[in-house]
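Asker: The lines below spell out each chain.
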Amino acid sequence: MSAGNMSLTLKVWRQKNGKSEGNFETYSLDGISPDMSFLEMFDVLNEKLVSENKEPIAFDHDCREGICGTCSMYINGRPHGPLKGVTTCQLHMRSFQDGDTIVVEPWRAAAFPVVKDLVVDRTSFDRIISAGGFVSINTGNARDANSLPIPKESADEAFMSAACIGCGACVAACKNSSAMLFTSAKVSQLSLLPQGQAERKIRAEKMVAQMDSEGFGACTNTGACSAECPKEISLDNIARLNREYLGSKITSSLV
Amino acid sequence: MSWLTQTLSSSIGKKLIVALTGLFLCTFLIVHAVGNLQLFKSDEGLAFNMYTVFMTTNPLIKTISYGLYAFILIHAFYGFYLAYVNRKARGTTNYARINNQSSWSSRNMAVLGTVLLVFIIVHMSEFWYEYKFGHLPYKSYTIDLAQGTVVNTENMPADFVLNSKMEEKLNDDNTTKTIIVKDLYVEAQEAFSNPLLVLFYVLGMVAVSLHLIHGFRSAMQTLGANHPKYNPLFDFVGVWLFAILIPVAFAAMPIYFFVQHLMQ
Ligand code: SF4
Ligand code: FES
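Order-wise, the sequence lines are chains A and B. Counting in full-length UniProt numbering, the first sequence runs from 1 upward without gaps. Counting in full-length UniProt numbering, the second sequence runs from 1 upward without gaps.
Please keep in mind that the hints were generated in silico from the structure rather than gathered at the bench. It is possible that part of the hints are untrue.
[Unchecked claim] With a straight-line cut-off of 27 Å between C-alpha atoms, the simulated DSSO-like cross-links for lysine-lysine are:
1. K14(B) <-> K206(A)
2. K165(B) <-> K175(A)
3. K84(A) <-> K175(A)
4. K169(B) <-> K132(B)
5. K14(B) <-> K132(B)
6. K206(A) <-> K175(A)
7. K116(A) <-> K88(B)
8. K16(A) <-> K88(B)
9. K116(A) <-> K54(A)
10. K116(A) <-> K48(A)
11. K48(A) <-> K11(A)
12. K54(A) <-> K19(A)
13. K88(B) <-> K206(A)
14. K175(A) <-> K19(A)
15. K165(B) <-> K177(B)
16. K177(B) <-> K41(B)
17. K19(A) <-> K116(A)
18. K175(A) <-> K116(A)
19. K88(B) <-> K175(A)
20. K229(B) <-> K11(A)
21. K88(B) <-> K19(A)
22. K229(B) <-> K152(A)
23. K116(A) <-> K16(A)
24. K41(B) <-> K165(B)
25. K152(A) <-> K11(A)
26. K16(A) <-> K54(A)
27. K84(A) <-> K11(A)
[Stated by the list, open to error] Partial selection, computed: residues in chain B whose CB lies under 8 Å from chain A:
28. W3
29. S11
30. T93
31. A96
32. N100
33. R107
34. N226
The beta-carbon is built from N, C-alpha and C at its ideal position, and this holds for glycine as well.
Input sequences plus hints: build the corresponding full structure.
Answerer: Spelled out as structure tokens, the structure:
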């Protein structure tokens with residue numbers, strides 16, 4: 001990590017726990033390199049706070065390479081900051097100007113309660129997955145790949161939906177805190193493949209029911225989710241989920 | 001809960017109701033706009049007044065219009081209800097800074113809908129209520145049967161009333177007929193001599209345009225209609241027909257009468 005010469009003012013949301021009231025704290029930071037990632041800049045800030053005997057800022061992160069989806073930060077009014085198709089961990093300080101003031105907030109949604117500072121509880125997403133985002137196969141060895149031919153187009157389309165990393169930026173960006181983009185991507189990736197057919201109808205019904213009961217809002221097709229999604233998941237998935245859900249409600253044997 | 005009520009009370013089900021009623025209202029707008037184009041005929045309102053009689057007496061149209069009133073209420077009720085639920089889903093703390101990557105109209109459908117509801121109430125009390133319950137003057141048109149042209153018109157005295165909305169009789173000369181109808185046309189003429197009302201109508205049509213530029217496409221998406229073959233058509237219809245052509249045609253009506261009034 002090379003030392004740099006950017007100076008920044010950070011306004012960061014601090015909140016002790018889910019019950020306490022939060023507020024913004026302002027920090028000034030010098031010697032930031034434009035080559036640092038946004039999280040590395042936070043590491044520098046936290047080291048400084050620790051050395052000053054202050055409580056470091058809690059934030060989620062794991063892979064730091066754009067695949068785990070934990071690095072949820074709402075930066076200057078946009079989830080994952082100003083770039084398109086990029087997670088916070090892959091955002092670099094060169095996307096900001098020396099002297100900038102950067103406002104950092106947690107995801108704000110009733111279904112994503114704040115745990116501490118910038119960390120929110122996204123287990124509501126896990127519960128949506130548990131409700132149906134899987135295929136049930138009592139399996140031994142992996143079967144021969146060639147015994148189940150899948151056209152490349154289907155595989156590609158399913159893969160594009162499967163690229164969703166469950167980061168929650170779609171919910172954070174949505175004025176309705178709707179989880180439709182996430183849920184639709186998860187329903188799509190399975191409904192597009194032969195392995196997903198057996199549970200296709202029940203999956204759509206159960207995942208939507210879980211999504212509703214978690215307190216996410218209803219989609220009004222504003223499109224902010226897809227515009228902010230680090231994996232650029234398309235709105236086509238939402239239309240597909242609408243078809244899957246309404247179609248299975250009308251035709252499934254669940255009465 | 002039966003599967004049907006369960007479906008309709010899910011988030012997607014509620015959206016389905018908003019989408020279907022909205023699309024019905026969209027088709028109504030087409031019919032209403034096409035019918036009202038008769039205001040532009042220079043026959044002193046004969047075609048328009050007869051069209052009004054048809055629209056208010058034909059049993060099929062009457063049934064559909066009661067459906068229409070119900071659909072407006074259902075659309076508004078579910079729209080506001082979803083807006084409330086969605087606001088609650090946002091949680092109690094607001095973002096300090098928001099840089100939303102979506103269109104203004106898509107984010108303000110409830111606000112635009114409220115404007116439209118006010119518009120509909122004013123519009124109906126101005127014309128629908130007047131026609132049904134108010135006292136509108138009658139007008140008689142004498143029509144040349146061979147030519148089909150209006151040869152004479154006469155405003156009936158203020159206290160003249162018919163038991164029906166229209167009376168048609170063949171004159172003694174056997175070459176002309178006389179039609180006496182409630183004159184909604186003159187009502188429009190008078191109403192739109194008021195510049196404030198004209199402005200209100202034009203602003204109402206701006207709200208229609210903004211509501212539908214998002215609404216039509218959004219309704220299709222909610223129905224699951226999203227396909228590379230048809231999306232260009234949906235976009236075209238949503239923008240050109242519903243957000244431009246129809247609001248412009250409607251806005252042209254009050255403006256037309258106002259200009260007419262100024263030139264008198
Ligand atoms: S759809 Fe996109 S924004 Fe939403 S959880 Fe998945 S990757 Fe994140
Ligand atoms: S830390 Fe894993 S995606 Fe950012």
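Asker: Each hint: holds or not?
Answerer: Status of each hint after checking the structure:
Taking the CA atoms of K14(B) and K206(A), the gap is about 17 Å. The hint holds against a cut of 27 Å. Distance check on the hinted pair: K165(B) and K175(A) sit about 50 Å apart at the alpha-carbon level, beyond 27 Å; violated. Between K84(A) and K175(A) the alpha-carbon distance is near 19 Å, which keeps this suggested pair within the 27 Å criterion. With a C-alpha separation of about 24 Å, the suggested pair K169(B) and K132(B) falls inside the 27 Å cut-off, and the hint holds.
Restraint check for K14(B) and K132(B): the C-alpha separation of about 34 Å exceeds 27 Å, so the hint is violated. With a CA separation close to 24 Å, the supplied pair K206(A) and K175(A) stays within the 27 Å bound. Of the supplied pair hints, the one linking K116(A) and K88(B) holds, its CA atoms being roughly 21 Å apart against a limit of 27 Å. Of the pairs offered as hints, the one joining K16(A) and K88(B) holds, with about 23 Å between alpha carbons and a cut-off of 27 Å not exceeded.
Simply put, K116(A) and K54(A) have alpha-carbon atoms about 15 Å apart, close enough for the 27 Å limit, and the pair holds. Annotation: proposed proximity of K116(A) to K48(A) holds, straight-line Cα distance about 19 Å (limit 27 Å). Distance hint between K48(A) and K11(A) is fulfilled; the C-alpha atoms sit about 15 Å from each other, no more than 27 Å. Proximity of K54(A) to K19(A) is assessed by CA-CA distance (about 21 Å); at most 27 Å being required, the pair is judged to hold.
Pair hint K88(B) plus K206(A) holds up; C-alpha atoms about 23 Å apart against a cutoff of 27 Å. For the given pair, K175(A) sits about 23 Å from K19(A) by alpha-carbon distance, which is consistent with the 27 Å threshold. With a C-alpha separation of about 17 Å, the suggested pairing of K165(B) with K177(B) holds against the 27 Å cut-off. In summary, the hint linking K177(B) to K41(B) is supported, as the alpha carbons are separated by about 20 Å, within the 27 Å threshold.
Between K19(A) and K116(A), the direct Cα distance comes to roughly 10 Å. Compliance with the 27 Å bound is thereby established for this hinted pair. Of the supplied pair hints, the one linking K175(A) and K116(A) holds, its CA atoms being roughly 23 Å apart against a limit of 27 Å. Pair hint K88(B) plus K175(A) holds up; C-alpha atoms about 11 Å apart against a cutoff of 27 Å. Using a Cα cut-off of 27 Å, the hinted pair K229(B) and K11(A) is violated, with the two alpha carbons roughly 47 Å apart.
Proposed proximity of K88(B) and K19(A) is supported: the alpha carbons are some 18 Å apart, at most 27 Å. With a C-alpha separation of about 21 Å, the suggested pairing of K229(B) with K152(A) holds against the 27 Å cut-off. In summary, the hint linking K116(A) to K16(A) is supported, as the alpha carbons are separated by about 5 Å, within the 27 Å threshold. For the given pair, K41(B) sits about 21 Å from K165(B) by alpha-carbon distance, which is consistent with the 27 Å threshold.
A distance of roughly 47 Å separates the Cα atoms of K152(A) and K11(A); the hinted pair therefore is violated under the 27 Å criterion. Distance check on the hinted pair: K16(A) and K54(A) sit about 13 Å apart at the alpha-carbon level, within 27 Å; holds. Of the pairs offered as hints, the one joining K84(A) and K11(A) holds, with about 22 Å between alpha carbons and a cut-off of 27 Å not exceeded. Below 8 Å, beta-carbon pairs count as interface contacts, and W3(B) has one with chain A at about 5 Å; its hint therefore holds.
This hint holds: S11(B) has a C-beta 4 Å from the nearest C-beta of chain A, less than the 8 Å allowed. Below 8 Å, beta-carbon pairs count as interface contacts, and T93(B) has one with chain A at about 6 Å; its hint therefore holds. Here the hint on A96(B) is kept, as its CB sits about 6 Å from the closest CB of chain A, short of 8 Å. Using the Cβ-Cβ criterion of 8 Å, the hint placing N100(B) at the interface with chain A is satisfied: the shortest such distance is roughly 6 Å.
For R107(B), the interface hint holds, the least distance from its beta-carbon to any beta-carbon of chain A being 6 Å, beneath 8 Å. Proximity of N226(B) to chain A holds as hinted, the smallest CB-CB distance being about 3 Å (cut-off 8 Å).
When the structure is compared with the earlier hints, violations turn up for hints 2, 5, 20, 25 and for no others.
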